[in-house]
Structures are given as structure tokens and as C-alpha cells.
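Enquirer: So the chains spell out like this:
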Amino acid sequence: DQQVKQNSPSLSVQEGRISILNCDYTNSMFDYFLWYKKYPAEGPTFLISISSIKDKNEDGRFTVFLNKSAKHLSLHIVPSQPGDSAVYFCALIGGGTSYGKLTFGQGTILTVHP
Amino acid sequence: EAGVAQSPRYKIIEKRQSVAFWCNPISGHATLYWYQQILGQGPKLLIQFQNNGVVDDSQLPKDRFSAERLKGVDSTLKIQPAKLEDSAVYLCASSGTSGLRGYEQYFGPGTRLTVT
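Taken in sequence, the protein lines are chains B and P.
Each residue of the first sequence is one higher than the one before, starting from 1 at the first, in our numbering.
Each residue of the second sequence is one higher than the one before, starting from 1001 at the first, in our numbering.
Keep in mind that the hints were calculated from the coordinates and are not lab data.
Heads up, the beta-carbon is just placed ideally off N, CA and C, and yes, glycines get one too.
Hints may be right or wrong, so weigh each one.
[What the hints assert, rightly or not] With the Cβ distance kept under 8 Å, some of the chain P side facing chain B (calculated, not the full set):
#: 1; residue: His1029
#: 2; residue: Thr1031
#: 3; residue: Gln1041
#: 4; residue: Asn1051
#: 5; residue: Asp1056
#: 6; residue: Leu1091
#: 7; residue: Phe1107
#: 8; residue: Pro1109
#: 9; residue: Gly1110
Chain B on its own, in the form it takes in the complex (with noise of 0.2 Å):
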């Protein structure tokens, strides 16, 4: 029962194009909503969230777009660099499960081409 996908296992950008990185979850329960990004050996950071009561949250050149009717987030990164280059995974909060408990999506490899 996988409560969160990520359908695209890989993403090609070139860069200074956008990157547009997707989350579907099923779970209507979910209230909080973040994007982890992970380099090779190392552990995820957090990079941007969104909580339920909002449709979009910007910092920098990070996005994330929340369509709570279609059990969707996206994350929007304009312009792409190299250094973007990683595992980005979403990550859902609430969905019935305990405070904090984070169900993560099966992460999306973004490369940026110089």
C-alpha cells in the first residue's frame, strides 16, 4: 500500500530550464507536505514545505505547488543549476500516523546538464 508516489523515477534538465519534480499521495489526512533533497552518501535535507492550509510556497529559486483536490505537490526549480543535481524526495506528514512520522516517496534523481 504505497500512500505516496513518485512516478518519475528520473529527471533530464539542462541548465538554466526548469525542473519539475512530482508527488501524488492518496491519503486526504496528509497535512503537511516537504521536499527532501539527497546527495550520493550523504543524509536528505530539507529543503522547502508546504502545510495543507496554502496552494504554493516559493523560497529562492525553490517552488512547491500544492492541488489538494487532486492529492498532488510538485516541486518547481527555476532557473536549474548543476549543483541541483540529486535524489529529491517528497515527504508527507499526518495521514492518521503519529506526530512528526514522515511517509516518503521513492525519490526522483534529478540531473542538471551543464
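For chain B, the structure is supplied; the task is to place chain P on it using the hints.
Expert: Below, chain P alone, put in the same frame as chain B:
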């Protein structure tokens, strides 16, 4: 501030052997998490501590996995005996509990376990 520390970084053992991982969270963080990340998957929560009490261990295979957090600071995760399917990266994370910032977890570098 210092990040989450984990050791060892890598461990290779044979099946049926035992192994232990150590985690030191960010100072002052009351909540500590252990995750298992199998190759190609996202991290899966094994156990969550609030100070030295267990909040959620619903996905911890208790017949072989155990964890403790003495004095509400450091934590150890043990596997005894290990199986081949335990090969994964074991991630420790911690978070504060003040407002929405409490949702943001800070991860250590992980321990890569290979069971042969």
C-alpha cells in the same frame, strides 16, 4: 550547530550475525527517528522517540530489531540476527518540537549495512 552524527558509516556482516548502530542527535532535539532506506526506495520509519519514550514503533520488526534512547539523547539500533533483506542504509534523524519547525527533520549521513 553540529549535525546529527552516526556511526559506523559502513558495516558488512554475515547473515545471522548481530550489528549495532549509534546516533547522536542535534543538541536540544527531543524527537529522534530511525529510518531504513532500501535501495531505490524512500526512507521508511522504523521507530520514533520523544525524549526517551517510544512514540511509534509500529514498523519495527521486533523479533530482530531493537532500539533504545537512554537519557533522551543518544540512541542505538540493534539487529539480531541479521537477514539478507536487512541490507539497507539506516538513517537517524532528529527534530525540535516548537511549532511547524518541529516537522523539519535533520538527518545524519546514515550507516550502509550489507548482509552477506
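Enquirer: Does glutamine 1041 of chain P meet its interface restraint, that is, does its C-beta lie within less than 8 Å of any C-beta in chain B?
Expert: This hint holds: glutamine 1041 of chain P lies near chain B, its Cβ roughly 6 Å from the closest one there, short of 8 Å.
Enquirer: Against chain B, is aspartate 1056 of chain P within 8 Å by beta-carbon distance?
Expert: Holds, about 4 Å.
Enquirer: Hint check: is the beta carbon of phenylalanine 1107 of chain P less than 8 Å from a beta carbon of chain B?
Expert: With a minimum Cβ separation of about 3 Å from chain B (threshold 8 Å), the hint on phenylalanine 1107 of chain P holds.
Enquirer: Was the hint right that leucine 1091 of chain P lines chain B, CB cutoff 8 Å?
Expert: holds, 6 Å
Enquirer: Would you check whether asparagine 1051 of chain P satisfies its interface hint, that is, whether its CB is within less than 8 Å of any CB in chain B?
Expert: Result: violated, 13 Å to nearest chain B Cβ.
Enquirer: Identify whether the interface hint at proline 1109 of chain P stands, where standing means a beta carbon of chain B within less than 8 Å of its own.
Expert: holds, 5 Å
Enquirer: Next item in the hint list is glycine 1110 of chain P. Is there a CB on chain B closer than 8 Å to its CB?
Expert: holds, 5 Å
Enquirer: Please verify that hint: threonine 1031 of chain P, Cβ, nearest Cβ of chain B, below 8 Å or not.
Expert: holds, 6 Å
Enquirer: Does histidine 1029 of chain P pass the interface hint, meaning its C-beta sits closer than 8 Å to a C-beta of chain B?
Expert: Interface hint status for histidine 1029 of chain P: violated (11 Å vs cutoff 8 Å).
Of the hints listed earlier, those the structure fails to meet are numbers 1 and 4, in rising order.
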